[in-house]
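**Student:** Below are the chains, spelled out letter by letter.
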Amino acid sequence: MTKEIALRGDIDSLLEASQWNPAATRLGELWRADSSSATAAFVVSRLEKLRDQISLVPFRLAILRSFTVEPIVPLLRAEAFSFGIDLSVHIGDFNAYAQEILDSESWLYRFRPNAVILAVETLAIAPDLWQDYAHLSEECVKQAAQRVSESLAQYLREFRGRSQAALIVHNLEQPAQAAFGVLDAQLVQSQSEVFERINRNLVAATSQMRGAYVLDYDALVARNGRLRWHDERKWLIARLPIAADQMIHLAREWMRFLVPLAGKTAKALVVDLDNTLWGGVIGEDGMNGIKLSADYPGAAYQALQRAILDLTRKGILLAICSKNNPEDAIDALENHPGMLLRPKHFAATRISWNDKSPGLREIAAELNIGVDSLAFLDDNPFEREQVRGAVPQVMVIDLPEDPLQYAAVIRNHPGFERLTLSAEDQQRTTFYAEQRERSQAEQKFQSKEDFYRFLEQEAEIASVTPATLARISQLTQKTNQFNVTTRRYGEPQISAMAENPSCQVLSIRVRDRFGDHGLVGVSITRDEGETCEIDSFLLSCRVIGRTVETALLAHLADQAAARGCKRLVGWFLPTKKNAPAREFYKQHGFEVATENSDGALWSLDLTRQRIASPEWVKVVTAKGGK
Amino acid sequence: MNVSDQIRTMASDIFGVPADKITPTSTPETIETWDSIQHLNLVLALEEKFGVQLSPEEIEQMKSIGDVIKLVEGKLQAAPS
Chain A
0 MTKEIALRGD IDSLLEASQW NPAATRLGEL WRADSSSATA AFVVSRLEKL RDQISLVPFR
60 LAILRSFTVE PIVPLLRAEA FSFGIDLSVH IGDFNAYAQE ILDSESWLYR FRPNAVILAV
120 ETLAIAPDLW QDYAHLSEEC VKQAAQRVSE SLAQYLREFR GRSQAALIVH NLEQPAQAAF
180 GVLDAQLVQS QSEVFERINR NLVAATSQMR GAYVLDYDAL VARNGRLRWH DERKWLIARL
240 PIAADQMIHL AREWMRFLVP LAGKTAKALV VDLDNTLWGG VIGEDGMNGI KLSADYPGAA
300 YQALQRAILD LTRKGILLAI CSKNNPEDAI DALENHPGML LRPKHFAATR ISWNDKSPGL
360 REIAAELNIG VDSLAFLDDN PFEREQVRGA VPQVMVIDLP EDPLQYAAVI RNHPGFERLT
420 LSAEDQQRTT FYAEQRERSQ AEQKFQSKED FYRFLEQEAE IASVTPATLA RISQLTQKTN
480 QFNVTTRRYG EPQISAMAEN PSCQVLSIRV RDRFGDHGLV GVSITRDEGE TCEIDSFLLS
540 CRVIGRTVET ALLAHLADQA AARGCKRLVG WFLPTKKNAP AREFYKQHGF EVATENSDGA
600 LWSLDLTRQR IASPEWVKVV TAKGGK
Chain B
0 MNVSDQIRTM ASDIFGVPAD KITPTSTPET IETWDSIQHL NLVLALEEKF GVQLSPEEIE
60 QMKSIGDVIK LVEGKLQAAP S
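Chains as they are written, first to last, in numbering that gives the first Met the number 0: chain A, 0 to 625; chain B, 0 to 80.
Think of the hints as simulated: they come from the structure by calculation, not from any bench. Computed from a prediction, not measured in an experiment: that's the story for all the values here. There could be a bad hint or two in this list.
Said to hold, decoys possible - Below are the DSBU-like pairs computed for lysine-lysine, each with C-alpha atoms no more than 30 Å apart in a straight line:
no., chain 1, residue 1, chain 2, residue 2
1, A, Lys447, A, Lys313
2, A, Lys2, B, Lys74
3, A, Lys477, A, Lys343
4, B, Lys69, A, Lys2
5, A, Lys48, B, Lys20
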C-alpha cells in the first residue's frame, strides 16, 4: 500500500512534467498492483489527462442494462487502459433497453458505438421464472420461456436492423436456490433446465447474426460462486445486485470481448522455459531434476503447457525466448517424458544468454508480425520489467507466485480470446511449419522466377460467401503490413457491402506444392459511374512477395473493365506499419491523381492499360455467394 | 499504513481531491464531489478493500470521513480477518 501511495505521487509528478509515456507506464503498474475500485477512480482521472497524449485505441461502448453498472465502469476503463484501449462508455437508462433498441432516434444509435453490451438480469426479463416458479403450471413455464426467447431474439434483430456495432448479450443466470430445493434436480422440466433452454435459444439467435455474441453470465456467476456474487442489500438500496468484490470479475469478463473487438489480440505467445514451462532450472537440475509430471508439483507446469497447447487451436503461434544452453533446453523439449509441448509446436526459438528484448524483436521479424502482436510469458519479474521497458508494445503477462495458478492466467487472458474461429486459425501452426520448408527450398534457386515456377502457386479468387465472411472480416482487422488503406470492418459491415450491388468483396486463397495457405487476401471495390475504387486491398504476411498480389490486382482491373469501368483507382493511406504496400500501385503502372495529408489516390486508365498476371500463378475463379 | 490513512487515500481517489485535503472532519459539504453516487462508490471501495459488509443504516450514518474511519475500525476489531 505504501508503494502504491508513492506510485500515485510519481504519476502526478510525471504528468505535471508532461512526461506522458513514463506516466502511462507507472499508471499501468499501479493498476496491476492494486485493481481496486479506489485505484480505478485514480487511474480514470489521470487517464483523462493522458488520453490525448499517448497512443491508445479509441473504442466506444454502449451498455444497455437493467441494473446499476456505474461503479463497474471505472474498473472497466482502467482495465481497458492496461490493454492500450481508451474506452468511452455510455450507459442507458434503467430497464429502458427495449425502447432504446427500438427507437432509431435514441442516443444508442447517435452515440455510434463500436460495441453494445445488453446486460439484463433474469429478474428483469423473466421475473415469473425467477421468483414465482413454484406457482407456475407446466404450460405457463413453457410460455414464459418462449416469451423470453422471442423477445431477446427480437431485440437482436431490431438492433441489427439499425446498427452494425458488435453486440454482446448476457445470457440468463439461474437462481442460487431452486424453488423446489433438491427436488429440482429430480425433475425433467426443472427450473434450471428452463434457463438452459432459454440460453440455448439465445445462442441459436446470435449464431444467425453477424457480430452478435453471447456472454455466458450464468457461468460467470457460477464460476465466482452464486452466493458470493450477489449482495441483496446493495440490490435493495442501489439496484446493484453484485457484491463489491465481484464487480471486477464482470469488468474482466467484458474485457474478454472488448480486447479482441478492439483488435488488441496477441498473435503469438513467447514463453520462457525454466520455472515457466517446467519447475527448476534445466542447466542445473538436469532432465531428472526438473519438475514436470502428472503429480505435485510438476502437475502445475503440465497444466500450463496444456493451456498453451490449447491456444494453438485458436491460431495462436508459440515461440521460445529463454536464457539457457541451447543443447540442454532442446534436449528437454525433445525428450522429457513430461513435456506436452514439443519443438514442432514452436514457430520460432531463441535460446541463448542474450537479453530477451532483442530476441523478441527477432521472433516478431521471423514470424512476420509486429512486436505488438506478441505476448510474453516469464516467471521472472525482472525479465518482465526489462521487456516492458525495452519493448513496451509487447503484451507482458504477469504470473502469480503460485505455479498452480499459471494455467488459469493463460486461460483467462483477454489477449488470447477469439470471438470467431476460421479454418485458418485452427491450422496456423501447420502453415508455419510449411513456411519453413518453403524458405529452405527458396535458398536452392538462382532466380526468384525459378523459385516461383517451382512453387506451382494456385490462386483461387472468389466472392464472399457465408463461410468466408468471418475470415474476411478477421483479415481486415488483423492485417497491418500489406494493407493499402487499413480499413477495419466487422462482419456486419462486410455482410452489408456484400449485399450492395455496386460493391465487390473478393477473397483470395493460395495453394502451392508445400501446402494450402488458406484464405490470405481480401479486396473490396466499389463502382461509381465509370470509376472502380479499391476500398481495401490486403494480403496476409504469409504470402507477401510471392506475386499473388499482382494476380489479384490484374483480376480486379480485368473485371472492372468488363463491367465498363474506365478507371481503377485506390488510396494508399500510410500508417506506421504498411510500408510493404507503399509502392504497390506505382509498381503496377498507377499514377497519382490526388494527394492530401492522409495519403495519395492512385489511378490506372483502363482504356489504355491492363495489368499482366504473372505466368507462374494459376488463377482460378470460383463462383461465390453473389 | 493504518486504516485511517488507507481510507483517506481511497477517499482522495474517489472524490478526486488531494489526500492532504481529506481530514476526519471532511463531509459532503466540504468536499464538492461527495454526492450520492460517489458515496456508493466509497462504500463499495471500503467493502472490497477491508472485506467488511456495511448495512443500509451504517451507510446512511457515514456523514464525515471521521465517521467512516470509526465505522470501519469498529468492524475490523469486531471481526479480525
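**Student:** Would you mind marking each hint as holding or not holding in the structure?
**Tutor:** Status of the hints after comparison with the structure:
1. Our distance criterion of 30 Å between C-alpha atoms is broken by A/Lys447 and A/Lys313, whose separation comes to about 34 Å.
2. In summary, the hint linking A/Lys2 to B/Lys74 is supported, as the alpha carbons are separated by about 26 Å, within the 30 Å threshold.
3. Proximity of A/Lys477 to A/Lys343 is assessed by CA-CA distance (about 25 Å); at most 30 Å being required, the pair is judged to hold.
4. Between the alpha carbons of B/Lys69 and A/Lys2 the distance comes to roughly 25 Å, so the proposed pair stays at or under 30 Å and holds.
5. Taking the CA atoms of A/Lys48 and B/Lys20, the gap is near 21 Å; set against the 30 Å cutoff, the hint holds.
Comparing the model with each earlier hint shows a violation of hint 1 alone; every other hint is respected.
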